[in-house]
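Quick note, the sequences are listed as chains A and B, same order.
Sequential numbering of the first sequence, starting at 1, is according to the UniProt record's numbering.
Sequential numbering of the second sequence, starting at 1, is according to the UniProt record's numbering.
If you are wondering where the hints come from, they were derived from the structure by calculation, not from laboratory data.
Note that the structure is a prediction, hence the values are computed from the model and not measured.
Incorrect hints may appear among the rest.
[Claimed, not checked] Some, not all, of what chain A presents toward chain B, calculated at C-beta under 10 Å:
| hint | residue |
| --- | --- |
| 1 | 119 |
| 2 | 122 |
| 3 | 147 |
| 4 | 186 |
| 5 | 236 |
| 6 | 241 |
Just so it is clear, CB atoms sit at the ideal spot from N, CA and C, and this is done for glycine as well.
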Amino acid sequence: MHDRLTQSMRASHLLALLFVLAALGLAAMGAATGDTFYLRLGTEALIFAGLALSVDLLLGYSGALSLGQALYFGIGAYVSALTLMKLPSFWLAMAAAFLATLIASIIGGLIANRVRGVYFALITFGLAQVMAKVVYNTRELGASDGMIGIPVIEIGFGPFSVSAGSPVGFFLIVLAVIMGLYALTAYLLDTPFGRVLTALKANEKRVPFLGYSVWRARMAAYVLAGVIAGLSGALYPMLRGFVSPELMFFATSGNAVISVVLGGVGTLIGAIYGSVLLVILKSIIGSWTEHHLIVIGLLFMLCVMFLPRGLVGVVRPAIETWLSRRRPAPVAAADPADLPAIIAETARTSR
Amino acid sequence: MKTAAITMFAAGLLAATALSGSAFAQSGPIKIGVVTPLSGTYTPIGQQVRWGLELAAKEINAAGGIAGRQVNLLFEDEEANPSVAVQKAEKLFQVEKVDFLTGTVNSGSTLAVAQLAERNAKLAATTVSFADSITTDKCSPNMFRVNARAEQQSVALAAWLAKEKPKAKVYYLGPDYEMGRSTVAAFKSSAEKGGAQSGGEVFAPLDSKDYTQYFGQIRATRPQVLYTSVAGNDTVRLLTQLQDFGLLSGLTVVGASGTVTSQNITAIGAAAEGFATGVGYSPQIDSPANKTFVAAFRAANKTDPDLYGADSYGLLFAYKAAVEKAGSTETDKVREALRGLSWQTPQGTKTIRAGDHQAMQPMYVVRVTKGKFDIIDNVSSENAIGPDACTRF
């Protein structure tokens, strides 16, 4: 039952559990000291972690580098902002953002999935830039100034309600949403659909011979990633009370890619760790020196040179070994980065 | 477990920083947060803001501070991105507990920071953003603006134009994006109030290489005045191409304050001659206060101040006057003191209008003569300010 992918995902889940425990500990500490800034910074980091998660789904599983994932993040943010200004309901805003990004990512996917590799990266980049320019020049959407005046909402769960203005309350809600998205993605990747995605990354030409539609799998991954980015984006205006076209700019997409590489491509939880680390680093280094971009750039380069599998990529094999020793698995633990090699090998032997 | 260790480290770090940011309210130095672009495209503007504020803080501290308390400036880089600006401003408000905040450059950042200041019950001011919305339909009780807004610039220029070329036929050429269209619309309405006629308008894409395709239309309407709000290298191409086609003779070219600047004036060369615009500041202002300021600024930074440096310099003196008048740094008291406050700046007397928190100031019309801007006219603050359109307070 436990193949290599399941094995490594179980290690990711353990890291996810640690992440949630650490986040809960931090939230408790923040609440005890009456902190607001660090809790809200953490909330923002989690929101951008959702975006990074969607990038990792594409890059780490279907093997498609999206340089314009901020497009769906931005659409989610704008739709949520517009909804909240009409009717301050959390659920309605999330539903609206879901629908809007679903439609947008189907359209975007139809365009971007006509091509592969570097062309896919360029098309996604272009789509996001075009949309950002459209928003930048549309007066009804606030144009270059963005939109302010998004109310601080009450988020209702049956008889309970939490204010988005409460640092701890909103932190926990965002944590629940993002970890929910993580769990959903991890579940889907564990289904046959997820295996087809992994196969796509390893040997796309072979997939149709096994009876699967490449286009359909790529499309499904793209739409799923778009919706995840959109739902994360929908949380942004609830936290900050405004949206601006900069949310769709390349800087946002680029940061998400950096987070994924920092945390570990193809690990899912690595995207979340990477994003939190990047936001914290940017905040600390940015206050320390105005040359923070150089420092972040150097750290990124060092990470690519010495930790090419990212932070989680480094620790995960150890956890896998530990897990397999606790419960012996039929197959020895292997890193998913070796998967292409394994599949290629199977392909060779079956020839 | 390396990642867990890192998380624990980050957690410890967060807790330590959170605890160290305790408040020193009403004693010790007055902290002023500056959220301004220190990296990226807007760095030159952020640099002027920084120099202006640092010079003012140095002078205020040397003279005994604000109500006996020293001024301490805390800088953060906003990268000209509202999302970053809000995050940094929140850090300054909540962790550093600053008493006052300034520095935002692009209007989106200023508007977002205004809302944040409101939610944190603190005051903020901009010395750079000129979008009218900041002190009109999106005005905030916690935001002040001490620089001239777009309408003041166009009103000053239109007033000069009405005097210089009464009932002139004006042709408008703007860059084809939201800001370009709104600057043309704003100047057009000011000019038409002064009796100007419209000869037509055209919008060229940003970064156009060839403007000659529009010259036929311009020739056909025979305008006396051409208004343009293109900027940077677009201005270089537009003006030199106009000159090559011999269209500049008998035509007065006027424009937005960012159309011809010290950065592109040499590249435009002789084609810039006669270009006029409305500004809130010029280092040539002939007053003792400005001469002292320019000399001190040049000594400190080896360059001339521009309007951003001058407006930022002036802001600290407004804050000083307000805190001393209020006898406290509390938000409500300082807000009351700032409303209607008149104070001296290198640009002359400025007054903050209580109704919309917009500074009223004398405006200047400058024209390029022999490759340099000369002040040719000024418009009194009352005539340049325009109606109070803020309804929130």
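Each hint tested on the structure:
1. At about 25 Å, the closest approach between the beta carbon of residue 119 of chain A and any beta carbon in chain B exceeds 10 Å, and the interface hint on this residue is violated.
2. Checking residue 122 of chain A against chain B by beta carbon gives a least distance of about 20 Å; that is not within 10 Å, so the hint is violated.
3. Satisfaction of the interface hint for residue 147 of chain A is found here, the shortest Cβ-Cβ separation to chain B being roughly 9 Å, below the 10 Å cut-off.
4. The beta carbon of residue 186 of chain A is not positioned within 10 Å of any beta carbon in chain B (closest approach about 17 Å), and the interface hint is therefore violated.
5. Interface hint status for residue 236 of chain A: upheld, as the beta-carbon distance to the closest one in chain B is roughly 8 Å, under 10 Å.
6. Residue-level restraint check for residue 241 of chain A holds (minimum Cβ-Cβ distance to chain B is 6 Å; threshold 10 Å).
When the structure is compared with the earlier hints, violations turn up for hints 1, 2 and 4 and for no others.
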